[in-house]
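*Asks:* Chain by chain, the residues:
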Amino acid sequence: MEEKKLAIIATKGTLDWAYPPFILASTAAALGYETQIFFTFYGLELLRKDVNGLKVSPLGNPAMPMKMPYGPQWFRDVNWNMPNALMSIVPGFESMATGMMKKTMKDKGVASIEELRDLCQEAEVTMIACQMTVDLFGYSTDEFIDGIEYGGAAMFFEFAGQSDISLFV
Amino acid sequence: MADYDQELDATGLNCPLPILRAKKSLAGMESGQVLRIIATDPGSVKDFEAFARQTGNELTDSSEEDGKYTFLMKKG
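The listed protein sequences correspond, in order, to chains A and W. Counting from 1, position 97 in the first sequence corresponds to residue 97 in the working numbering; the numbering is continuous, with no gaps. Counting from 1, position 41 in the second sequence corresponds to residue 1041 in the working numbering; the numbering is continuous, with no gaps.
To be clear, the hints were calculated from the coordinates, so they are not data collected in a lab. Heads up, some of the hints might be wrong.
Stated by the list, open to error - In silico contact screen, one side only, chain W against chain A (beta carbon under 10 Å); selected entries:
(1) L1013
(2) L1017
(3) L1020
(4) R1036
(5) T1055
(6) S1063
To be verified - EDC-like cross-link-like pairs, simulated, lysine to aspartate or glutamate; straight-line CA separation at most 16 Å:
(7) K1024/W with E122/A
(8) K1024/W with E124/A
(9) K1024/W with E115/A
No experiment lies behind these values; they were computed from the predicted model shown. Cβ coordinates follow ideal geometry from the N, Cα and C atoms, glycine included.
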């Protein structure tokens, strides 16, 4: 069987959007795909050594379910009908929503971002940080994990051009 | 005699962890050996079928009892 290839562009730096690139990349690697993720703009946040700062924002995200990860099941099933735009300006609301999402994920056996990223690295998924946005946002390379590469759009296309699947997340 | 060589407890784990753990276990096994996987993620039923089709391993059995899914995966 010839090795298939998957190319992903990760552009988002929130806790929720951190999942698709790492879930797809780690699974593809397990299925035998050669996989590359190109991290650009806010996606660079996913390469930080410490990803505990990733947050989920209810702002501009009206589809986000607002459920409590505590209490009896009937209480957990309540979808709190809060106006997201209003709640998101309450100080600490974003942190609270993030904390609740992390708890829900842990309770439901969903891997942490760090765990999925480690699995990707173990499976030799190539991770590339966009050099242009590293410079643009003034990141320092020692803020990022080891074992990543730095490159530009042409480098992405070299791999994406031969890929069976290319995804923009 | 057990009808499997190694067992993987993936209960409580959600997508894609059961697949990733299974892949890891299989990597340390010999061709022809059987891995028994126990999972609670309902999505793992279709996922292990797809995993087997794409990796050349053989899913020889798949069953469910009381919310627990058991799979037998023969390494290709």
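*Asks:* Each hint needs a verdict: does it hold in this structure or not?
*Replies:* Now for the hints, and whether the structure bears them out:
no., hint, in the structure
1, L1013, "5 Å, holds"
2, L1017, "5 Å, holds"
3, L1020, "5 Å, holds"
4, R1036, "18 Å, violated"
5, T1055, "6 Å, holds"
6, S1063, "21 Å, violated"
7, K1024/W with E122/A, "10 Å, holds"
8, K1024/W with E124/A, "13 Å, holds"
9, K1024/W with E115/A, "14 Å, holds"
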